[in-house]
Structure formats: C-alpha cells, structure tokens
Amino acid sequence: MGGSVASVVAGVRRATEVDFALVGHQESWRAAADILAVLRGPERTPLPEDEMKDILPWIPPRAVCHVDVGSIVGAKARGLYIDSFIPPDRLEDAYVHENIVRVRGAAACAIKAGAKIVSLGGFSSILIEGNFDQLPERHDTVFTTGNTLTVGFIVQGVKKMCALEGRDLLRSTLLIVGATGDVGSGCARCLAPLVSRVLLSARNVARLRRLAAELQADGVQVEIATDPHRFSVEADIVICAASLPSPSLLLGQIAPYALVCDAGYPKNLSPSAEMPGAKVFFGGLGQITGGLRFAPDLHGILNRHPFPDVVHGCLLEGMALALEGRFEPFSRGRGSITRERVEEIETIAARHGIYLAPLYNAGGPVEDGLHCDREWPKRICA
Amino acid sequence: MEPLIGLNCSTIECTSLSTSALIWQDVLAQAMTGELVAAMNYTALSRICDDPEEVADALEHAEIERGHAAAFAAEGRKIGVDVANNVDAKHWKRLRKAFMRCIAERDFIGCLIVQEIMLESFAVASYARVGRVAPGSLAVTFAFIAEEEEEHIDHAVAILKTERALDAQRFDDKVYHLHLDVMTTLAKMLAQECKDGHCEVCHGSCVKPSLFEVSLSAVELRGASLQQYLRTLDILGIPGEVTLAWVAQLPVS
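Sequence lines, in order, name chains C and D. Under this note's numbering, think of the first position of the first sequence as 1081, with each following residue one higher. Under this note's numbering, think of the first position of the second sequence as 331, with each following residue one higher.
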C-alpha cells in the first residue's frame, strides 16, 4: 500500500502497472450498498437505501478496487475492477443507450489506467458484443468479451451435471434458449456433436436458420423455433443463454426430469414447485485456486457466490490471459466461438488453476464441497 | 447581515406572486450568495498572489462573480421578487472560513482547489440543471453563468495538473484534507433535507421540498454536483477508486 493519506483513507494503494481490468456493474441494490458500506468504512453508518439509490446513478464509471490474481504455477497479475455504475434497476432495453455510454466510460477508465487487457463482464459484454467499434480509441489496450471461457464453463457444467445425475449426454435432447447469441451459439457448437438432438430457440429466425444449417452440415439433428415453449417439454437438458423475461413460463412447461443451466445474465431461474424433478444450476462460473485479493477488501461482495473465489467466466478470461501474458482480444463477439477456441482458453485457464466452479443455484450448492474439482477438466477431456 | 449588493428595488407587490416565483427567489438567493462568496474569495486571493498577472486574474474573476450576483438579482426583479443574500449564513460561512485558512497560509493551490474544483463544481452542475428547467431569461442566465464558471474550472485545472505532476501524493493529500472540510459542508447543504436547522438563506422554510414544483429536486442537484466534482478530480488525474471512497464517506444528512 502507498503511504498517501488520501489513498490510505480510501483503502486503496497507489496505482502500479495494470495487467488487466474487469468492467462490471452490480446486479442488485444490496450488492451496491455493500460496496458503498465498505468504502464508507465501519465507523460510518451505511447509507440508507433511498439515499444510496439516489446517489449511485450519478457516479461516473471508475475503478472501485485493485485485484491481484495468482496462478498455481507462480505467475501473478495485477488488475482493476472498474464499475460502470449501471443502476441495478436500469438493465432493460429502455436504458440501452445510457448504459452503452456508461460501458464506454468504464472502458475509457481502463485505457487511462493502462490496462493491457480488459474483460467486459455480464451486461457490459452483452451491450458491446459485436460493437467493439463503440469502444473508445484503445492505444495499447485490448478488449475481450470473455464469452469463450464462459461457454467453456457452461459446457463443462452441463457435462458435470449429467455425470452427477447419471444422465447419458449422448442420448439427450438439448434445448438452447438464446441460441443465436455469442454464448448460445458457442454452446451449440460445442455440445451439438455430443447429444442426440439439438433444439434451438431465439428471436431472430434468419440467424436461427444460419446456425441450424451450420450444425446440420456436421450431421447434427437440429430443429428451430422462436418460441422456446414449443420445445420445452421435449428437452432433457436446457441451456438458458439469455436471461428470460418470464422464467416461470418456461420452467412451468419443462420436462420434470430436465437439467436446466441458467447461463443468462442476470441469472433469474430458480428451482420451483412447478418442476420438482428438474435440476437448475448456474452456468459459466469458474473458481480461482491460485489466489485472489481485492484492495479494498471486497471479497464476497464483488463475487457473491456460495463458494470462495468464484468469478464469472467472462471476467476470468481476461485474468487467465493476463496470467498467460497473452494480451489479445480473444473473444470479440459476433458468434465466432468455436470448439477449438473454447478448448484453447480452457487449457490456458486450467494451467493457471482456474477451473469450473462447484455447481450451485439460487437455493445453494447442488454438489458437495467448497472447492472445484481440479481433476474434472482432465476427466471430461478424457 | 445586509446584502452585499444594494438591489435598489422598487416596492414589489408580493401578494400576487406565484408559488414558483417564491421558489425561484430562494434558488436565486442561494446562487447569489455563492457568487458573492466567490467574489470575496477571489478578492482575498488577489492579495496573496505575487505575480501581477495572477493578481489581475483574481481581480477579474472577482468582478465576474459580482456580475453573476448582479445578474441573479436582476432575474429576481424580472419575476417580481427581491433576492436576498447572506454570505454569513452558517454553511456559506464555513466554506468561506475554509478558503480563508488557505489564504492565511498563502496557499494559492489550496485556494484554487477550494474555489475552482469544489465550489465551482457545485455551481456549474446546479446552474446547468436549473438552466434546463427555469422559465425564460432565468434559464438563459443560469445556463450562461454555468458556462462561464466551467471556464474557470478549465483555467484552474491546467494549473493544478501541473502542480500534481510535481508530487502526486502530496497533491492528493492536500485535496483530501480540503475535501474533508469543504465537501462535508457542501454535502450537508446538498442533503435532501436540512436537518441542522434553517440554512439562513431561504426566505422562509427550506426550499428543497418544494423544488419539484419547478421540475427540480435536491436529489438531482446533489447528484449532478457530485458527478461534476468526481469528473473534475478525474481530469486532475486523482485515481477514481480514491475519489470514489472520498465521496462515499461524505454525510448524506
């Protein structure tokens, strides 16, 4: 930590070389309140909720904390978490232009800080995906959506859940909701060769047809529909790659034995009484085993998961690439995620001790143990 | 405390004044008081400047601020209200004292930080918001003065960036100490409610709860002011995570 009174009071150290930056925002007012409470310090009362909701939307995008990540092979990388301060209740389409401005502002902060690689987390990635030209002039900073590693962890999660539940993936019917997006199409390419039948659902028919044709060319049995409910009862495995506006509609009609991977953003599928036999789990999350530190200490606040050091795959991609010393725009959006690229980033991540996180859902863990299974990637590759 | 500017108003028939005119009266009174405090600050600054050019600059700024105050008074007359001012009102007095401590230490840089970065951020942001919703020439005046005050910030930023380049840590510590003093007072002024009692500028009860009647709100004015302040600190090069913590630690009531 630096000796400056100003920075010591702020609980942060002086800026040093920045390998990576993580651009994100808070999913809930509770999370935002917890961050501000840490920054206010224990000697001050937390901001009342109404005051916090009045102040937060005015905060310009900026770094919130320093992030140090370690690798199991000894590499270290230093980074910044930059919050775009998109208010948690303004994620809808109506705010898209305002939110793009905020993400651009956050990107500018990363560039100004000299970050070599920037991962766009959660909604930031959705906003900018395929629109990298909307980012500021980048100088020596590269941007990645992080979607390739997200796909890797979704696919690993589906395989692991099948193994835990004794399901045969090869005999399964897979439904992907939000199939034409970057993450959805990446999951389709990775899993289609491993299942008996693929059902694709998305709003854009032309894109659905293109993706179906691509998969069919490889001999995959594919059907498409703009309405996911048409397929929901037929699927053994469902990947929700897009956040659903009415999740209960889908879950209410789903096969009672289905495995449901909530890979959308924000995650809003919960196990419900209407689907007592179905298993819901969150997809796309990884766990760092080589060390993760925040200054000021926002552990468990920035990464609010039931297991330690769990982070979204999109953010982990930038950290893994920084640990590897590969400062390149690995994921650029536009549906270009392939099996080969997924395997490549999984290998890089695993080399530095970044693995699939233990599986859980809104109700808590769906498997035993606090830590990821380090051998799991090897076993599924085998 | 007598107003610093003789308004020389004709007798105004107040019985027919609309509710909004009474709200604008208080908004103008706050703005006018701020301008007069700024004018006093620049005049004091001119006395510690060694460089004749800096002396002239400070005196010119003081004159401009007095002009702003006169413009606000004139806007009041147009809508039929007498715009009072009170540079000795408790919050403004505290802000003035903070500035005068820098003067006593002959701290030119500290003076610029207090006046141009902190007080002007507040002025630019709030005047710009008022300029968007006020009627007629009132809007034009607020918007015009917001632009002029922004030029003051630009002028100071150039000097302060040079100063920070010499010793960033020392500079940031200085800003932080002034922030604790000045921004804590400003934050109380900008709180949704004046919980410490009457501000001694509003002519009757606190104007804040009534601002919605003229499409303004205390929340918006506070938010815009803090945003402008953070952006100005960003331009100076103070790390965003540091200034975020500073602002997060401010009182909200």
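To be clear, the hints were calculated from the coordinates, so they are not data collected in a lab. Treat the hints with caution; some may be incorrect.
As the list claims (entries may be wrong) - To give an idea of the chain C side of the interface with chain D (calculated C-beta under 7 Å), a few residues:
{"hint": "1", "residue": "A1113"}
{"hint": "2", "residue": "E1123"}
{"hint": "3", "residue": "D1134"}
{"hint": "4", "residue": "R1142"}
{"hint": "5", "residue": "V1144"}
{"hint": "6", "residue": "L1378"}
{"hint": "7", "residue": "I1381"}
{"hint": "8", "residue": "R1384"}
{"hint": "9", "residue": "F1387"}
{"hint": "10", "residue": "P1388"}
All C-beta atoms, glycine included, are put in the ideal place defined by N, C-alpha and C.
Evaluation of the provided hints:
Annotation: interface hint on A1113(C) violated; nearest CB of chain D at approximately 11 Å, more than 7 Å. The criterion of a C-beta within 7 Å of any C-beta in chain D is not met by E1123(C), whose closest approach is roughly 9 Å, and the hint is violated. Using the Cβ-Cβ criterion of 7 Å, the hint placing D1134(C) at the interface with chain D is satisfied: the shortest such distance is roughly 4 Å. A hinted interface residue such as R1142(C) counts as satisfied when its beta carbon comes closer than 7 Å to some beta carbon of chain D; here the least separation is about 3 Å, so the hint holds.
The criterion of a C-beta within 7 Å of any C-beta in chain D is met by V1144(C), whose closest approach is roughly 6 Å, and the hint holds. A cut of 7 Å between beta carbons decides the hint on L1378(C): the least distance to chain D is about 11 Å, and the hint is violated. The beta carbon of I1381(C) is not positioned within 7 Å of any beta carbon in chain D (closest approach about 13 Å), and the interface hint is therefore violated. This hint is violated: R1384(C) has a C-beta 19 Å from the nearest C-beta of chain D, more than the 7 Å allowed.
A least Cβ separation of about 26 Å between F1387(C) and chain D goes past the 7 Å threshold, and the interface hint is therefore violated. Given the 7 Å rule on beta carbons, the hint for P1388(C) is violated: about 23 Å separates it from the nearest Cβ of chain D.
Hints 1, 2, 6, 7, 8, 9 and 10 from the list above are not met by this structure, while the remaining hints are.
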